[in-house]
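Protein chains in written order, with our numbering: chain A, 7 to 212; chain B, 29 to 534.
Hints were generated in silico from the structure; no laboratory data involved.
Each hint should be verified, as a subset may be incorrect.
Said to hold, decoys possible - If we take Cβ atoms under 10 Å as the criterion, some of the chain A residues that face chain B in the derived model are:
1. 13
2. 22
3. 99
4. 103
5. 104
6. 107
7. 108
8. 112
9. 114
10. 124
11. 126
12. 157
What the hints assert, rightly or not - Under the rule of at most 20 Å between Cα atoms (straight-line distance), these lysine to any residue pairs were calculated in the SDA-like manner:
13. 100(A) to 122(B)
14. 121(B) to 8(A)
15. 121(B) to 164(A)
16. 175(A) to 118(B)
17. 100(A) to 158(B)
18. 121(B) to 14(A)
19. 121(B) to 172(A)
20. 121(B) to 96(A)
21. 42(A) to 131(B)
22. 42(A) to 126(B)
23. 100(A) to 254(B)
24. 121(B) to 155(A)
25. 18(A) to 135(B)
26. 42(A) to 118(B)
27. 100(A) to 126(B)
28. 42(A) to 172(A)
29. 42(A) to 114(B)
30. 121(B) to 101(A)
31. 100(A) to 114(B)
32. 100(A) to 135(B)
33. 121(B) to 99(A)
34. 121(B) to 46(A)
35. 458(B) to 175(A)
36. 458(B) to 155(A)
To be verified - A few chain B positions that, by computed beta-carbon distances, are all more than 12 Å from chain A:
37. 136
38. 345
39. 458
Built from N, CA and C at the ideal position, the CB exists for glycine as well.
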Amino acid sequence: MSEADFFSDEAKRATAASVQAAEAQTCAEIVVAVRKSSGRYGVLAYHFGLACSALVVAYSLLAPAVYSPFAIALDGIVAFSLGALLAINLDTVKRALARGSTLEENANRGARVAFFDLGISRTSGRHGLLVYVSMFERRCVVLTDIGISRAQLAPGLGVSEARLTDAVKRRDLRAFQAAVAALGVVLCERHPRAVDDVNELPDEVQ
Amino acid sequence: MSGARRNQARALLAWLGLALALALVLYSVGAFARPGGGQSYSGGSRSSRSSGGHSGGDGDASGLIFQLILLCIQYPALGVPLLIIVVVFFIAKAAVGARQQSWSTTTPEAVQAVQRVERSAPVSRTELSTISALDPGFSLVLFEDFAYMLYAAVQRCRGTGTQALAAYLAPELAQSLVDPKLADVQGIVIGAMRYVRFSGTQGPMLELELELESNYVEVLRAGGTCRYYAVDRVVLTRAATARSRPPARAHQLDCPNCGAPLEAVRGTECSYCRQNVGLGRFDWMIAGLRNLTRETRGPLLTSDVPETGTELPTIVDPGAPQRFEQLVRKDPAFNWQALQGRVALIFAELQVAWTGRDPLRIRPFVSDNLFQSMYYWIDLYTQERCRNVTENASIMRVDLANVVNDAQFDAITLRVFATGIDYTISDEGKLLSGHRSRPRTYSEYWTLIRGSLRRGEPRRDNTCPNCGAPLRIGMTGQCEYCRIKVTSGDFDWVLSRIEQDESYAG
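Extracted from the complex, chain B is given alone in its bound form (with noise of 0.2 Å):
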């Protein structure tokens, strides 16, 4: 039954009540009128208390409201226009009711129909690891250094023109892409990256979708920069008979054949070693470039999202165990409480960094893309003018959730519980989310890295890894006094990834 039908069976029930109540007091009216009563109700025990003038043999007083009636009755011409004015009120009010319905500026129906940004079930890197059957020499670490440095360039060329970049931009994108009206992108900052899809191990080319969140600064040849917050899909495709660059090219956009410098490919083909080097032969090539949102203002930094995922286990790979202790009989100076004392380390560190807005101070401890993200929220901040508070912050566990080791690096993926004090101030002082005394209680996957061929037990204090120096390090890594670049996982192992547990897929 619909709520309109409701209501109206509800009055018509209320109407019957009262005309049950009315016919009562008029068949009360009838025994009433009975003189001497004759009826059981006729001398009750108060009447016979009473010293007023009522006897049980008159028959006895009325009621309140039947006088009240009754008064009505008597004096017709003012009972039946009052008694019509109250039913004609009723029913006006229920025929006005009956109209006011609710109503809203939208429909859902019309809300339906709204094109939406789609999320795709993120792809786990176990997935992605599978290349290496095909490719021994992949390198997860490696890739995303490449995807990262990769994306930077084609959002450069954007301005600057795509003819150095035609080596590694399907040629209908290389066309596409530039943008007259830019004469420059720069300050290209990717904040995350996330797998989105992944397939082609089974045919010729390999094809891998991504996700990235980034900022940049557009310069205008009118005059004029602006800054955006984006968010992009790239598919990436190779083919897959090609094989992985070398480490020490993997940091650098090349001939992706023989490594001759970019200057000496013209279009898609090298003068160095004679090869069209273009279509994704030799090295991924970005296939597809789409812009999935685009904001002059960054991500909002002040809302309170509360934990999600804090309770559910541990997502453990089944050979995680085994493979760590692999890593430890490879290097017996390496455990588990150094490996936990070295997670200490960088947690109490990157407390300090993120409260106080000093991205080189975790700069020794974080890869390079985590370095990069972190760069990019923290100067979100300090152009917001706020800053993200922890306090009193401790780890209360460590799992082990997965052991990783490729031809280049040994990743370990750790689930770690920590609480401590939230909030956003702003530089006022001025609390804009969180709580200043309520801990909160959650968990993250942490992905440390180490050069595969890295022995030793990991450091628990602020020292050069390699010259034992005290840690001071620039924006490149580098130690400033052996000049060595410690935040690539060659000397220790470094954070390089931090993952939600909404988002850690295995």
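Chain A with its partners taken away, still in its complex shape (with noise of 0.2 Å):
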């Protein structure tokens, strides 16, 4: 269970063929998109940085051992880049960093931005779903388009968030295909599949 399971070959075949697997049972248009993040973060990382060549200088300082000027500024510029570096790379440090509503945020707007670029509001029925992931914020959206009611489904609809949020957050790659294919179920109550329903948003994996 890594985050790299998410972005394997094997990942986007199995996740097409959950998502043919719901809409097997429903008119809505369900797409699924992965993203390695969905903001911004590089200001934590010299955030982390900063605060790492604060810790030294101030060490430097009070430690009983003296040194010199020179080196005091020296060490606080090694430690920032060090620390900058060291967060740059590990994106734990960010998330630890980052606060959970700018998480929410940025994966909120992502998902929205998606949803547009991806054209899920073109389906001729308004029935468009897309369920966003963000690696980085450990965060999964689901947004529906005006077609279908999200008051009519609400609890089955709210429970199918909470797993793939869950899933999304332990990285388990099967739970959230299993949640992807429940998503079938959980539309078809007021959406149901109809004998002659067009699959509008192709499952190509992109």
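Grab the two chains, each in its own frame, and use the hints to assemble them into the complex.
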């Protein structure tokens, strides 16, 4: 169970199959989009670098050993560089530094951008549904077009969203795919598949 | 520069920064290595204050990180593998990250290829009124009644056969329309009608395309019924030389030429007038019927659709004020204040009827077609076990938008600005959409009609405009006391159309 699982070719194939399984039961058009990140968190790495630098400088100033001003300044710079470099390369550090609301907001914004970019609102019945996964934020956002009433699907869709989010948080690809496939059961209650249903958003992995 | 390249450039800069920092450290190593200093930084003020064992003459203490690096150099067996591990980690991470590309289970290109239901710009009713130049008896109000009636008849004949309607159907359509699986089509209720395309005032045939939203129940021969919500496109044609039927025949389908019962029409030939009455020679004929969407469930009732267009200026016909003045001159009892009073009464009754899902409450004040449309929506709310509640609704302003006079009716279009609390709840009282306390401001274009021969001040009370009895109206629009149909506009102004800002085309 790792983040890389979500980006493997096998994950793409299996997720597309889950989407097809769900769409076999409903007229809704389900699209899954997986993104590495939905925001820019570079500034957090610099914050981390600054914090490292401050710690080193503070230690240098307060430690019993005596350091020259140049050495202290140099240590500060090096600590900043190393800290920033470490944070740039370690998502865990950046994620720990980011506020939960920022992660939430970025994931939501990214989902809306993807909804527009992927043309999900272009279905004739406005039955598009986007499952947006943002791995850095560990968030999964489910967006529906106006043809799908969230109020009418309230308990079932909420449970599905929770399952998807939980799977993303645990980076459990199998659980995620199972939750995607289960969306069909929830959606078919109000949006059953018609005999002449056309797959308007082709399930091709991009 | 692409995002990937930018990221690579940034990573390179970061490495360069690190290399620079290390170079500075190494440079400082060289400086610290000189005994006695000789550099300006070799004895700081802090060291002079220090009580520790470092004196200026010994050179200064090296940096913390330098000492760590020095430690690595002094113990290469530990430091070098550690350094290699760190470097390999960063390189491997960069390589893995480069492979983790975003993906999705559809492509914008594939979506572009999806067939979509086309939406044309609406034809304005003003365009249609040009028919009056060819046919002085043409009345848009009566035409719309006729179109509703004809559409309902055509839906029925999908089950019962097209023989009786041959005079009103193109021959090829009459052959293809019947569905052998159907025994009947019942309960046809039209929710909305839009004008899509109009042409032919310069040619021999007028052609008009309409879009109708309706629901109906199909009765299957095999047994069972199924309710559908459909959007259809209907193409009507008529010879430009044909004349509109008189008002008395406006609400019945008969021989398009002489008015004989439809049973007298054999194929497209009337056995009374001996004319071939088909192909739109005497009246509108349906040349095409195309289904756009058909679903077993109704339109969505619980979405929070934001108001659009309320801030837009009112679309006012340039001749509207003059024509309104003409109306006032024709009927001195009629004036703007009296009309506003009538609108306020209809508005108030409409809110009560809508919230209470009681279409009969509004029946006296709306035309047949609008009643049918309201019935459609109220029925939908009932079926979905929810209701749209409007509270504290009030009119803020009324603007004059248009005045049209034709052979049968005067029509006034007003833009009504109103505010009110608007939300939808389930029958169990659960809030489904909207807000229980936040008022919503909106505007709509209302068209009121009245018979062109009618005079008198518009009524502002709930009494029959014919007999004066308390207003009790049945589904057919007739007063229960005098049995006169009061909803045709022959007696007082009735609401004929409600159009949203975004769909009103003048």
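Verification of the supplied hints:
Given hint, residue 13(A) at the interface with chain B, holds; its Cβ is 4 Å from that chain's nearest Cβ, closer than 10 Å. A hinted interface residue such as residue 22(A) counts as satisfied when its beta carbon comes closer than 10 Å to some beta carbon of chain B; here the least separation is about 5 Å, so the hint holds. Because the beta carbon of residue 99(A) sits about 13 Å from the nearest beta carbon in chain B, more than 10 Å, this interface hint is broken. With its C-beta approaching chain B no nearer than about 17 Å, residue 103(A) sits outside the 10 Å limit, and its interface hint is violated.
Given hint, residue 104(A) at the interface with chain B, is violated; its Cβ is 18 Å from that chain's nearest Cβ, farther than 10 Å. The restraint placing residue 107(A) at the interface with chain B is violated, with a minimum CB-CB distance near 23 Å, outside the 10 Å limit. Interface restraint check for residue 108(A): the shortest CB-CB distance to chain B comes to about 20 Å, outside 10 Å, so the restraint is violated. Given hint, residue 112(A) at the interface with chain B, is violated; its Cβ is 14 Å from that chain's nearest Cβ, farther than 10 Å.
With its C-beta approaching chain B no nearer than about 17 Å, residue 114(A) sits outside the 10 Å limit, and its interface hint is violated. At about 6 Å, the closest approach between the beta carbon of residue 124(A) and any beta carbon in chain B falls short of 10 Å, and the interface hint on this residue holds. Interface restraint check for residue 126(A): the shortest CB-CB distance to chain B comes to about 8 Å, inside 10 Å, so the restraint holds. The criterion of a C-beta within 10 Å of any C-beta in chain B is met by residue 157(A), whose closest approach is roughly 5 Å, and the hint holds.
Between residue 100(A) and residue 122(B) the CA atoms are separated by roughly 16 Å; this keeps the pair inside 20 Å, and the hint holds. For the given pair, residue 121(B) sits about 14 Å from residue 8(A) by alpha-carbon distance, which is consistent with the 20 Å threshold. Proposed proximity of residue 121(B) and residue 164(A) is contradicted: the alpha carbons are some 35 Å apart, above 20 Å. Of the supplied pair hints, the one linking residue 175(A) and residue 118(B) is violated, its CA atoms being roughly 24 Å apart against a limit of 20 Å.
Restraint check for residue 100(A) and residue 158(B): not satisfied, since their Cα atoms lie roughly 69 Å apart, outside the 20 Å limit. The hinted pair formed by residue 121(B) and residue 14(A) meets the criterion: a straight-line CA distance of about 16 Å does not exceed 20 Å. For the hint pairing residue 121(B) with residue 172(A), the CA-to-CA distance comes to about 25 Å; that exceeds 20 Å, so the pair is violated. For the proposed pair residue 121(B) and residue 96(A), the alpha carbon gap of about 9 Å is at most 20 Å, so the pair holds.
Simply put, residue 42(A) and residue 131(B) have alpha-carbon atoms about 9 Å apart, close enough for the 20 Å limit, and the pair holds. Taking the CA atoms of residue 42(A) and residue 126(B), the gap is near 11 Å; set against the 20 Å cutoff, the hint holds. Simply put, residue 100(A) and residue 254(B) have alpha-carbon atoms about 57 Å apart, too far for the 20 Å limit, and the pair is violated. Note on residue 121(B) and residue 155(A): the hinted pairing is violated, with a Cα-Cα distance of about 42 Å set against a maximum of 20 Å.
Straight-line distance between C-alpha atoms of residue 18(A) and residue 135(B) comes to about 13 Å, which keeps the hinted pair within the 20 Å bound. For the suggested pair residue 42(A) and residue 118(B), the alpha carbons sit about 18 Å apart, so the restraint of at most 20 Å is met. This hinted pair checks out: residue 100(A) and residue 126(B) have alpha carbons roughly 18 Å apart, not beyond 20 Å. Restraint check for residue 42(A) and residue 172(A): the C-alpha separation of about 17 Å stays at or below 20 Å, so the hint holds.
Distance restraint check for residue 42(A) and residue 114(B): the Cα-Cα separation of roughly 23 Å exceeds the 20 Å cut-off, and the hinted pair is therefore not satisfied. A distance of roughly 17 Å separates the Cα atoms of residue 121(B) and residue 101(A); the hinted pair therefore holds under the 20 Å criterion. Between residue 100(A) and residue 114(B) the alpha-carbon distance is near 19 Å, which keeps this suggested pair within the 20 Å criterion. A C-alpha spacing of about 31 Å is found between residue 100(A) and residue 135(B), which places the hinted pair above 20 Å, so the restraint is violated.
Straight-line distance between C-alpha atoms of residue 121(B) and residue 99(A) comes to about 14 Å, which keeps the hinted pair within the 20 Å bound. For a cut-off of 20 Å, the pair hint linking residue 121(B) to residue 46(A) stands: about 18 Å separates their Cα positions. Of the supplied pair hints, the one linking residue 458(B) and residue 175(A) is violated, its CA atoms being roughly 32 Å apart against a limit of 20 Å. A threshold of 20 Å between alpha carbons decides the hint, and for residue 458(B) with residue 155(A) the separation of about 15 Å falls inside it, so the pair holds.
With a least beta-carbon separation of about 5 Å from chain A, residue 136(B) fails to lie farther than 12 Å from that chain, contradicting its non-interface assignment. Against the 12 Å criterion, residue 345(B) stays outside the reach of chain A, whose nearest CB is about 33 Å from its own CB. Listed as outside the interface, residue 458(B) is inconsistent with that label: its C-beta sits roughly 8 Å from the nearest C-beta of chain A, within the 12 Å cut-off.
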